[in-house]
Amino acid sequence: DVKVTQSSRYLVKRTGEKVFLECVQDMDHENMFWYRQDPGLGLRLIYFSYDVKMKEKGDIPEGYSVSREKKERFSLILESASTNQTSMYLCAIQDGIYEQYFGPGTRLTVT
Amino acid sequence: QKEVEQNSGPLSVPEGAIASLNCTYSDRVSQSFFWYRQYSGKSPELIMSIYSNGDKEDGRFTAQLNKASQYVSLLIRDSQPSDSATYLCAVTRNTGGFKTIFGAGTRLFVKA
Numbered sequence: 001d002v003k004v005t006q007s008s009r010y011l012v013k014r015t016g017e018k019v020f021l022e023c024v025q026d027m028d029h030e031n032m033f034w035y036r037q038d039p040g041l042g043l044r045l046i047y048f049s050y051d052v053k054m055k056e057k058g059d060i061p062e063g064y065s066v067s068r069e070k071k072e073r074f075s076l077i078l079e080s081a082s083t084n085q086t087s088m089y090l091c092a093i094q095d096g097i098y099e100q101y102f103g104p105g106t107r108l109t110v111t
Numbered sequence: 001q002k003e004v005e006q007n008s009g010p011l012s013v014p015e016g017a018i019a020s021l022n023c024t025y026s027d028r029v030s031q032s033f034f035w036y037r038q039y040s041g042k043s044p045e046l047i048m049s050i051y052s053n054g055d056k057e058d059g060r061f062t063a064q065l066n067k068a069s070q071y072v073s074l075l076i077r078d079s080q081p082s083d084s085a086t087y088l089c090a091v092t093r094n095t096g097g098f099k100t101i102f103g104a105g106t107r108l109f110v111k112a
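From first to last, the protein sequence lines are chains S and W.
The opening position of the first sequence corresponds to residue 1 in this note's numbering, with each subsequent residue numbered one higher.
The opening position of the second sequence corresponds to residue 1 in this note's numbering, with each subsequent residue numbered one higher.
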């Protein structure tokens, strides 16, 4: 079974703080993704990575950056958190023929 | 027009009935199609994948794909209250690099 873990289930941060969300996989998957999910908007891709130190912007990269120093770990960074970044953040890995498997998610609240 | 469209619901069916969930997509070069189930407060879980026209069955679930009509559906037979969740349709295309687009989801309620 594919296992994807995320560092926190719930997180509360203040406006302007730098926020790190971590995602770790237990297999040797190359492709990893960060999404945010908001009611009515569905899942939107923020960034993805297809190998160590490789990253590609998704549909909504503004205000975010990522880091992938090791194959198993993909971090999402909010450089200066804002209230409009309050959301559910989901990490996923790709397996098989484009199948994606998600971590448990981090519900981030920015006050 | 959204790339992947689903009726947001809620779709309400009685226990034991067939639930029919529908999804349309706009890009004809789409190649891979998925259904995810998401319980409230949880992350999406892959339940079905389908890659060619026709039906694919897995237990109580049947995925149907019609590429000519750009339509994919999920049938849940003998619906159970535990099937109550939001179902996300996802479509992947591979042109100049792959991309997966998710629909916003259909909420399903199965009444006991």
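Bear in mind the hints are in silico, worked out from the structure with no lab data behind them.
Computed from a predicted model, the values in this text were never measured in an experiment.
Just so it is clear, CB atoms sit at the ideal spot from N, CA and C, and this is done for glycine as well.
Mixed in with the good hints there might be a few duds.
[To be verified] Reference excerpt, derived from the structure (chain S facing chain W, CB under 10 Å, subset only):
| id | residue |
| --- | --- |
| 1 | Gly-16 |
| 2 | Phe-20 |
| 3 | His-29 |
| 4 | Arg-44 |
| 5 | Ile-97 |
[What the hints assert, rightly or not] Each pair of labels, with its calculated beta carbon distance range:
| id | chain 1 | residue 1 | chain 2 | residue 2 | range |
| --- | --- | --- | --- | --- | --- |
| 6 | S | Gly-96 | W | Gly-54 | 31 to 41 Å |
| 7 | S | Gly-16 | W | Asp-27 | 14 to 24 Å |
| 8 | S | Asp-59 | W | Gln-80 | 33 to 43 Å |
Status of the hints after comparison with the structure:
no.	hint	result
1	Gly-16	violated, 28 Å
2	Phe-20	violated, 19 Å
3	His-29	violated, 14 Å
4	Arg-44	holds, 8 Å
5	Ile-97	holds, 6 Å
6	S:Gly-96 x W:Gly-54: 31 to 41 Å	violated, 19 Å
7	S:Gly-16 x W:Asp-27: 14 to 24 Å	violated, 39 Å
8	S:Asp-59 x W:Gln-80: 33 to 43 Å	holds, 35 Å
Of the numbered hints listed earlier, those contradicted by the structure are 1, 2, 3, 6 and 7.
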